[in-house]
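Peer 1: Quick mapping for you: the protein sequence lines, in order, are chains V and B.
The numbering used here numbers the first residue of the first sequence as 1 and each following residue consecutively.
The numbering used here numbers the first residue of the second sequence as 325 and each following residue consecutively.
Where hints are given, some of them may not hold.
To be verified - Cβ pair distances, simulated, as ranges:
#1 V/102 / B/572: 42 to 52 Å
#2 V/317 / B/344: 54 to 64 Å
#3 V/57 / B/434: 52 to 62 Å
#4 B/452 / V/241: 51 to 61 Å
What the hints assert, rightly or not - Below 27 Å or equal to it, Euclidean Cα-Cα: the simulated BS3-like pairs (lysine-lysine) are:
#5 B/592 / V/267
#6 V/259 / B/499
#7 B/592 / V/198
These are calculated hints, taken from the structure and not from any lab test.
Quick reminder that beta carbons are idealized off the backbone N, C-alpha and C, glycines included.
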Amino acid sequence: MSVLAVQDLRVGFRDGTLAVRGISLDLGHGETLGLVGESGCGKSVTSLAVMGLLARGAARTAAGIRLAGEDIARASERRMAQLRGDRIAMIFQEPMTSLNPAYTVGDQLSEVYRRHRGAGRLQARDRAADLLARVGIANPGLRLAQYPHELSGGLRQRVMIAMALMCEPDVLIADEPTTALDVTVQAQILRLLQDLQKETGLAILLITHDLGVVARMADRVSVMYAGEIVESGTAEALFGRPMHPYTRGLLDSIPVPGKLRPGDQLKAIPGTVPRITAAFRGCGFRDRCGLADRGCEDTIMPREEGPQHRYLCRLSSELQGQAS
Amino acid sequence: MTALIDEAGPAVSVRGLRRDFVRGGGLLSTHATVRAVDGVSFDVSHGEVLGIVGESGSGKSTLARLITGLLRPTAGDVRIAGRSLAEADRRQRARLIQQVFQDPYSSLNPTQRVRDIVALPLVAQGDVPREERARRVSEMLALVGLDPAVGERYPGQMSGGQRQRVAIARALVLKPRIVVCDEPTSALDVSVQAQILNLLQALRRELNLTLVFISHNLAVVEHIATHVAVMYLGRIVEAAPTAELFGSPRHPYTAALLQSVLTPEPGKGIPRIPLGEGFPDPAAIPPGCRFHPRCPSALPACADASPPLRVDAGHLVECILAPETASREATSQVHAGLGP
Chain V
1 MSVLAVQDLR VGFRDGTLAV RGISLDLGHG ETLGLVGESG CGKSVTSLAV MGLLARGAAR
61 TAAGIRLAGE DIARASERRM AQLRGDRIAM IFQEPMTSLN PAYTVGDQLS EVYRRHRGAG
121 RLQARDRAAD LLARVGIANP GLRLAQYPHE LSGGLRQRVM IAMALMCEPD VLIADEPTTA
181 LDVTVQAQIL RLLQDLQKET GLAILLITHD LGVVARMADR VSVMYAGEIV ESGTAEALFG
241 RPMHPYTRGL LDSIPVPGKL RPGDQLKAIP GTVPRITAAF RGCGFRDRCG LADRGCEDTI
301 MPREEGPQHR YLCRLSSELQ GQAS
Chain B
325 MTALIDEAGP AVSVRGLRRD FVRGGGLLST HATVRAVDGV SFDVSHGEVL GIVGESGSGK
385 STLARLITGL LRPTAGDVRI AGRSLAEADR RQRARLIQQV FQDPYSSLNP TQRVRDIVAL
445 PLVAQGDVPR EERARRVSEM LALVGLDPAV GERYPGQMSG GQRQRVAIAR ALVLKPRIVV
505 CDEPTSALDV SVQAQILNLL QALRRELNLT LVFISHNLAV VEHIATHVAV MYLGRIVEAA
565 PTAELFGSPR HPYTAALLQS VLTPEPGKGI PRIPLGEGFP DPAAIPPGCR FHPRCPSALP
625 ACADASPPLR VDAGHLVECI LAPETASREA TSQVHAGLGP
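Just chain V, with the same shape it has in the complex:
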């Protein structure tokens, strides 16, 4: 049973840009779903649309956004304010922009608990200290009294995670949670998220452009391009047998130890993500795809490569092989 089910989500901006074009996501209890793609492909807009946090001027429609059975696509702003931070929480790339510099760590953590649970000051403090210890922070008492600027980047991200988990949400949306961190700290934070997930059954929607992070963290992966999900499958299937030319291009463009000899060229994807408006038809990747022809200007029907492994390309694996 899924804790977050998004159906046919669409987001458009006032200038006519379609940022999200009918995507569906399904996230189960204790599961991690990775959403990958380059900047401008619609990943972050998707997460903000689910949270009901889109900026003014962005229009959202959806056949349904169900959070633990409740359709929040049509929930009031008041109801959403109750749910955010309680049943569904979010952490961002740069914790400094989401933590209030004028309040101590303890005040910010406590506030979440007091607002959603009506807890008293002392009870909220205890809960905050408890959570800081759970996210691997030594000496929580000291940290509670500190301001965000007094902490290192890794500690701030741990505080963000603690804050997101204060009310034991069903779903955590993690938008590039480790992109600003050093690799050593990144591994520690991701490990922590995995451990917490095992303990609490948290469902994680992990948004990242880092294929290494998503391969190691996600149970299932959806690849997003130009507002659509162009491929989705289990992490094993997607990394083992990538089907969409964009997924293949992404995987070929990163240097992987042992795959290339020194001096070898990496396979780059030419061009950039296009801006898509209502008049657009066909495959959004065709201008950058080495296999594209006139047929790619028609509506593309999804193909299946196995159970749960789908991709959005006119060409089957055999045809892709022949064309390349």
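With chain V's structure known, arrange chain B on it following the hints.
Peer 2: What follows is chain B alone, placed relative to chain V:
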């Protein structure tokens, strides 16, 4: 111009480099000296690519700015192609060494056309005629894979990858022999990162460029560098030819860094990194081995004395635990695999 170049010696030669910053000193705080770079020496030969890796606070970017002369060292010397940076004036320096920065969104003046941005180093030289400048700008734009017509555009009309190409064109317009790249692809998407890395590789071959390549991305460094130096709190704690360093790291810090790299292999999980929650703070450098508070293999002795420098067949490491196979070289990191 070419009279500046000493072909025989190393392209870059750094000796005993140190840089202190004074932090604080405001109304309510006291002065603290931050030693960002603390006794760094190395050579880079012509045509090599030296990758410098390390966490934030390791002094990588300060070192880059010292090498390019954007910062003056507190002590020590940087020689570029045999010539001391301290003795070169700005124009000479610009012809010897140039830099490419991380963020092509902030390193290009948004109010100038691309052709003027790329021409600026030529204008600053003061002796390059206008027609010559225009010709060189077109030549450079073509060299970095841009249509010379983009010279009429403003940076705001270009993508991140195109802007970084402009920054590279600007760095190359004076035909320097050495380019310092500080996280040149960190702000770019992976597909664009691949384009820029390929471009740098091609330019290096065509122009016999020497690159100092600073990055936190170890996979990128492994791909592009011929030699790698690992920095921790202002010092080079390990340095070796790339395959050697990635294949058999000897410093526990290097080992932890390499373990942290997440290759796209599902099922492998997230490695457990044995470093604790501490982080390197250049304002409070620990006594003894500066890595010992985070080191999973630290001995009591590590807190007391600075670790010895051990050099073995071009592989250099500052750790008491490293095998004591070779002579300790008193002259620190000189010619330790980084030199010719």
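Peer 1: Against this structure, judge whether each hint is valid.
Peer 2: Now the hints, each set against the structure:
1. Here the CB-CB span from residue 102 of chain V to residue 572 of chain B is close to 50 Å, well matched to the stated 42 to 52 Å.
2. Between residue 317 of chain V and residue 344 of chain B the C-beta distance comes to about 60 Å, which sits within the given range of 54 to 64 Å.
3. Taken as a hint, the range 52 to 62 Å is violated for the pair residue 57 of chain V and residue 434 of chain B, whose Cβ atoms sit roughly 24 Å apart.
4. The hinted range of 51 to 61 Å is satisfied by residue 452 of chain B and residue 241 of chain V, whose Cβ atoms lie roughly 55 Å apart.
5. As the CA atoms of residue 592 of chain B and residue 267 of chain V are separated by approximately 25 Å, the hinted pair is consistent with the 27 Å bound.
6. Taking the CA atoms of residue 259 of chain V and residue 499 of chain B, the gap is near 33 Å; set against the 27 Å cutoff, the hint is violated.
7. A hinted pair counts as satisfied when its Cα atoms are at most 27 Å apart, and residue 592 of chain B with residue 198 of chain V qualifies at roughly 17 Å.
Of the numbered hints given earlier, the model fails hints 3, 6; all others are met.
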